[in-house]
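Construct all of the structure, not just a fragment, from the sequences and the given hints.
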Amino acid sequence: MDIVTYSEFRKRLAPLLDKVNEDSAPLLVTRQNGSPVVVMTLEDFKAYEATFYLLSSKKNAKRLDQAIAELRSAKGIERGLIEE
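Position one of the sequence shown corresponds to residue 1 (full-length UniProt numbering), numbered consecutively onward.
Some hints here could point you the wrong way.
The calculated lysine to aspartate or glutamate pairs, modelled on EDC-like cross-linking and capped at a C-alpha distance of 20 Å, are [unchecked claim]: (1) K19 - E8; (2) K46 - E22; (3) K46 - D18; (4) K58 - E43; (5) K46 - E8; (6) K19 - E43; (7) K59 - E43; (8) K19 - D2; (9) K46 - E70; (10) K62 - D44.
Just so you know, these hints were derived from the structure itself, not from any lab.
Right under this line is the structure:
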């Protein structure tokens, strides 16, 4: 993850935002008298939100962990997508 100061971020705002989008890599912006912030693509943010939502239920998180374990042990079943 790249790190820049707030002053540098202000000076190079457009190219730094372009780099975040092109590389799909977050950017850490440090501040002298404040907490640092992370800049990321909207797509990555939505993915984090979706993951958080799916894992927020203990029951659903357990189900997902079991499904991953089945796939890793080659016991998974391939299914087609349901089209509405």
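Verification of the hints:
1. Using a Cα cut-off of 20 Å, the hinted pair K19 and E8 holds, with the two alpha carbons roughly 14 Å apart.
2. Between K46 and E22 the alpha-carbon distance is near 17 Å, which keeps this suggested pair within the 20 Å criterion.
3. Between K46 and D18, the direct Cα distance comes to roughly 18 Å. Compliance with the 20 Å bound is thereby established for this hinted pair.
4. Restraint check for K58 and E43: not satisfied, since their Cα atoms lie roughly 25 Å apart, outside the 20 Å limit.
5. Using a Cα cut-off of 20 Å, the hinted pair K46 and E8 is violated, with the two alpha carbons roughly 27 Å apart.
6. Restraint check for K19 and E43: the C-alpha separation of about 14 Å stays at or below 20 Å, so the hint holds.
7. Between K59 and E43, the direct Cα distance comes to roughly 26 Å. Violation of the 20 Å bound is thereby established for this hinted pair.
8. Distance check on the hinted pair: K19 and D2 sit about 10 Å apart at the alpha-carbon level, within 20 Å; holds.
9. Distance check on the hinted pair: K46 and E70 sit about 27 Å apart at the alpha-carbon level, beyond 20 Å; violated.
10. The suggested pairing of K62 with D44 is violated, with an alpha-carbon distance near 24 Å, which exceeds 20 Å.
The structure shown violates the earlier hints numbered 4, 5, 7, 9, 10.
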